[in-house]
Amino acid sequence: MIYLTLITSVIIGFGFGLLLSPKTKLLRLFLSFSGAYLLSITVLHLLPAVFETQEKHIGLFILFGIVLQTILEFFSKGAEHGHVHSHDFAKKIPWLIFISLSLHAFLEGIPLGLSSNQELLWAIVIHKIPITIVLVVFLQKSSLPKILIYMFILFFALMSPLGSLLGNKIYFLTEYETQINAIIIGIFLHISTAILFESSENHKFNFKKFIAIILGFLVAFISL
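Each residue of the sequence shown is one higher than the last, beginning at -13 in the numbering used here.
The set of hints was computed from the structure by calculation and includes no laboratory data.
Each statement offered as a hint is correct.
Straight-line C-alpha distance at most 27 Å; calculated DSSO-like pairs for lysine-lysine:
hint: 1; residue 1: K11; residue 2: K194
hint: 2; residue 1: K11; residue 2: K127
hint: 3; residue 1: K42; residue 2: K155
Across the chosen pairs, the derived CB separations fall in these ranges:
hint: 4; residue 1: E38; residue 2: L(-10); range: 29 to 35 Å
hint: 5; residue 1: T39; residue 2: Y157; range: 17 to 23 Å
hint: 6; residue 1: L46; residue 2: L82; range: 24 to 30 Å
hint: 7; residue 1: L46; residue 2: G1; range: 38 to 44 Å
hint: 8; residue 1: I156; residue 2: T56; range: 22 to 28 Å
hint: 9; residue 1: T39; residue 2: L89; range: 24 to 30 Å
hint: 10; residue 1: K42; residue 2: I(-2); range: 38 to 44 Å
hint: 11; residue 1: K127; residue 2: E38; range: 44 to 50 Å
hint: 12; residue 1: K132; residue 2: Q40; range: 49 to 55 Å
hint: 13; residue 1: L46; residue 2: M(-13); range: 31 to 37 Å
C-beta: ideal position from N, C-alpha, C; glycine also.
Can you build the whole structure from these sequences, using the hints too?
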């Protein structure tokens, strides 16, 4: 069921990506909502869970997650939080973007294999939909053959389920579950705050985006 839900989120994003423009206000509002939801789930649920274990130096693993996501975004151009330009796809296959996004998707799927966490699952699903929309929109504007576009989206859709599958199969991952969860928390903190900071254009107050953010917080709180 987890695998199907993760794949379905990418399929939904793919469908909307065929219809929407990267500059549509609806997409920006959805990004703001997803960022707020992801941040809320991280702060209200994931953070308390790892600190309850009283694992020594757990904060260092959270910081490592932030640093790791910073490195990934150097190659992905910030596509994880909807920040990507059409010229990144214009002339050649952006392998670094593909690899970085796929690695990111794989990593966030690992905790789902370690423990059945519905809050985390829905946080990833809500995060994946707008990111897939952005990717599809810009990939379609590129000069890449359609077969390559479809292959990349398919590969991207399978990475989180693969991470979830291997999460409870590999001894190293199960042995260090708390530390891995802490790294994922760092990744989520980086992505969610980046989405919220970038959702404000020229640092001006936008009432619609403010409401989308508040809704994200409320939905996350109610779902706990």
